[in-house]
Structures are given as C-alpha cells and as structure tokens.
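**Q** Position 226 of the sequence shown, counting from 1, maps to 226 under UniProt numbering, and the rest follow consecutively.
Everything labelled a hint here was simulated from the structure, so no lab data went into it.
Any given hint might turn out to be false.
Using C-beta positions, here's what the derived DEER-type ranges look like [claimed, not checked]:
{"#": "1", "residue 1": "31", "residue 2": "98", "range": "39 to 49 angstroms"}
{"#": "2", "residue 1": "234", "residue 2": "332", "range": "40 to 50 angstroms"}
{"#": "3", "residue 1": "196", "residue 2": "240", "range": "23 to 33 angstroms"}
{"#": "4", "residue 1": "46", "residue 2": "174", "range": "17 to 27 angstroms"}
{"#": "5", "residue 1": "444", "residue 2": "343", "range": "39 to 49 angstroms"}
Glycine included, every Cβ here is placed at the ideal spot set by N, Cα and C.
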Amino acid sequence: MKTSDTPSIRRRLLSYLLAPLLLLLVLGVAVDHQVIVNPIYSTFDRSLSRAALAIAAHIRRTPDGQLDIPIPDRPPAPLRAPPQEKFFYRVSTLDGNTIAGDAQLPIVAAGRNSKGLDYADVTYQGLQLRLVSYRTTEAGEPLVVSAAEIPFRRDRAVHRMDVSFGINNSIQMLLMLGTALLGITIALRPLRRLREQIVGCAPQALNPISTAEVPAEVRPLVDSLNTLLVSVRDATLAQQHFLANAAHQLRTPLTGLKAQLEVLGQEASGSPLQARITQLHGGIDRLAHTANQLLALARAEPSAHLASHFTQIELPALIGAVIGNSLDHALQRDIDLGADCQPAQVYGVYWLLRELLLNLLDNAIRHTPLGGHITLRCGIELGQPFLEVDDSGPGIPIAERERVRERFYHGTGSERDSCGLGLAIVDEAARAHGAHFSILDSHDCQGARMRIDFPAPSNVSPAGALPSEKPSKR
1 MKTSDTPSIR
11 RRLLSYLLAP
21 LLLLLVLGVA
31 VDHQVIVNPI
41 YSTFDRSLSR
51 AALAIAAHIR
61 RTPDGQLDIP
71 IPDRPPAPLR
81 APPQEKFFYR
91 VSTLDGNTIA
101 GDAQLPIVAA
111 GRNSKGLDYA
121 DVTYQGLQLR
131 LVSYRTTEAG
141 EPLVVSAAEI
151 PFRRDRAVHR
161 MDVSFGINNS
171 IQMLLMLGTA
181 LLGITIALRP
191 LRRLREQIVG
201 CAPQALNPIS
211 TAEVPAEVRP
221 LVDSLNTLLV
231 SVRDATLAQQ
241 HFLANAAHQL
251 RTPLTGLKAQ
261 LEVLGQEASG
271 SPLQARITQL
281 HGGIDRLAHT
291 ANQLLALARA
301 EPSAHLASHF
311 TQIELPALIG
321 AVIGNSLDHA
331 LQRDIDLGAD
341 CQPAQVYGVY
351 WLLRELLLNL
361 LDNAIRHTPL
371 GGHITLRCGI
381 ELGQPFLEVD
391 DSGPGIPIAE
401 RERVRERFYH
411 GTGSERDSCG
421 LGLAIVDEAA
431 RAHGAHFSIL
441 DSHDCQGARM
451 RIDFPAPSNV
461 SPAGALPSEK
471 PSKR
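Could you build the full structure based on these sequences and the hints that come with them?
**A** Here it is, written out as structure tokens:
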C-alpha cells in the first residue's frame, strides 16, 4: 500500500484545521476590504470636491454681466490629473445651460448634503467616472459645478490594500497552520515513542508494553495488545512444556523397547528370529531418531524462544562438546574428526545451537565415506562470528542446495534411514538466532561446507534477543 493511501492522524487533523483557516482567510480579506474602502473612497472624494471648489472659485462675472471662467496657463493642482486619468468638468445653471466645460457631462441630483456636494458613479463617453456636483451662487445666480475623473488612483489604492491585507492574512494563516502542525507533532510524540518501543522489542520478547507514557486515547489499544502478548507468551510456555514432556514420554518407552529387543536378540541368538529382531532393532532406532528430530524441529522454530533463553555462548567450547558427543560415531566410520577454532562468542540458546551443530556433524558423518575427514571451524570474519562444518563427502549439487533445507526432502545419495529433517532443523535454528545458513563447496573442492554466519555483536540487543528474524547477509 502506498504511504499516501495510509490513514494518518496528522493529515486528518491538518485537513480539519485547513478548511476553517481558509474560510477565515476569505472572510478576513472581505472584512478588511469593506473596512478600508470607505476611508479611501472618502479621501478621493474630498480630493475631487476640492477640484470642483477650485473651479467655482475661478468663476467671475464680466462687466457686460456674463459669467466667465478664466483658464490659467498652468491649472491649479486640484485640476491637474495624472496622465493615466482623464478629468472632466462642467459649469451650468440650474436649468441645464452649460456655461463652461463638457456640455454632456451629467449632473448629480441634489441631495441633503449641507455643504452642497453630491457624489455618484456615472458612465460618460464609455468611461466609468466618479462625479461630484457642487451647488453655489455667483452674483445671485444659482450655479452647478460638476467635476469627474477616472478613479484609477482610487481603485489602485484599494487593490494595493487588498493585496497587502491578503498577504498579511495569508502569512497569519500559514503561521497558525505551522503552529498547529508543531502542536500536532508534539502531541503525537507519545505515539512515536510507543512505536519505537514496539519496534525495538525482540521477536522473542513477549513482555507487556509499558503504559506509563501512553496517551489515554490509545490506552485501550495498548491494553488489548498487552493482553494478546501475555496470551502468546503463555501459549509459548505451554508449547515448551509440552515439547519437553513429549520428548521425555517418547524417549522413555523407546529406550525400554530397545533394551527388551537387545535381551530378546541375545536369547534368540542363532535362531531364525535373529534377523527379524535385528531389523526391528534398526526400525526402533530410526523411529527414535525421527521422533527426536521432529521434537528438535518444533523447538527450533523462532517463535518457541523467549528473550530470557538467550545467553553468551563460546563457540570453541560448543564445538568441543559436540565433537565429544559424536566422536564414537566418527571412529566407527574411520573418519578423521578435527577442529580449527578461533575465539568467538554469540548470543543464543545453548541447547539449540548444540542441536544445530550436532545435526550438521551428523549429516557430514553420514555422507562422508569411510576414511574421510571432517573439520569443524569457528571464528570471526568481517566482524561476524561463524561456524563451519567441512567434510570430504560427495558434496551437494548446486541445484539441490535450497531444496535440502526443506522438511523431509531426500537429496541425491541420501541414506535410506535418513528422515530428511536434519538441515531443516539447522535452517530453523539459524533463523531463530538471526543467522544465515549457507551451503558451499569444501575448501579442497571435494565435499560440502556448511556455514552459519551470525549477526555482528553490535546488531544484538543487550538482553541477548535479536532485533530481527531476517538473516544477516555476508
């Protein structure tokens, strides 16, 4: 599943906050616009009214009784418009006769303004204009002075203020969003610590998770998980007890049966039953071996071990103990059994590593011809401890090296009494220790070399449990 499709509390909270913040941004810009429009419009209306008053101030009556408006070479400041704006004016009587200016310029209807100034937005010659009409009296004759301009500066000022407030509100929204993101991140830290605590647990560690810093919102989830962990731990312990009891209950009657067969064989010495008793004795041996292998395979599974089972193990001492246990078997086949040990330590389950090495050595003895040789090695290579069993047998074809790890698989040249579980036990035991089991050619290119590469000491947790079940790669 893609990460973007995974439900996220952080993204969900941010999405819930983002919509109201965007709404506040739009409302804020709209309110700010309304707040600033009236003062700006009033300011430019006053400027336009000054132009109308300036025109009215220049109205004079000539000696012949006519009204005249002298236009100076340089108009007064109120009448000078910027290049991008156009300025229009009109002086007329109340009955609409134009005295000066643009005769078609509209006149704003008289209002209740005590100063005689009335404003309106009009369209003139296809242009949107802001218009003011000023009513005055000159020599006893009522007049109307109108002035209009394109509101370019006014609209530009409003636009600039809108942009300024929009940027300011956006920055505030981003700051609020960033603060919310920081707050959410801090609030979710206990969940991250909980995740790190769970990830840091070894697969074999089934102890309940500490709830000291767990938020109340996820406390029920952690409590349920702890209940599950306790149940799995109890089931694992029950499995261990069952396997131990089963091993004892199977070995005891099989040992008694073998003893009875030996006595019966001695009594039937020289009789026709001797051959059948010998065959039955061999069958009992194979049954005992298969039962032991099945129990060892079940106990070798990684899920069957707790972190408390792991201890510090000296590999040279382990090799010495295994050689002592298998020496008689090797001597019976006239096999030269040797060891090449360098100091090396691993964290592991002692009996399981012993079972691993016993199966490797038993497999080598079974497949090494009479008079051959087997060498057990241990040491540290590239910072990783390793175990090796090197024999002078026929070897294992490359095409079968993966399949021989499977349960009950019999490779080419396997003995008929083999149960096909030895290398499966080795593979399970290696995985239980986070180690890598590889099948290689012998150093002298004749025979097989079974190698176990353990994780480097820095990859092993202080409790002895491994942080991962994945095999380390050389």
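**Q** Could you run down the list of hints and mark each one as holding or not?
**A** Structure-based check of all given hints:
no. : hint                          : verdict
1   : 31 - 98: 39 to 49 angstroms   : 44 angstroms, holds
2   : 234 - 332: 40 to 50 angstroms : 45 angstroms, holds
3   : 196 - 240: 23 to 33 angstroms : 29 angstroms, holds
4   : 46 - 174: 17 to 27 angstroms  : 38 angstroms, violated
5   : 444 - 343: 39 to 49 angstroms : 25 angstroms, violated
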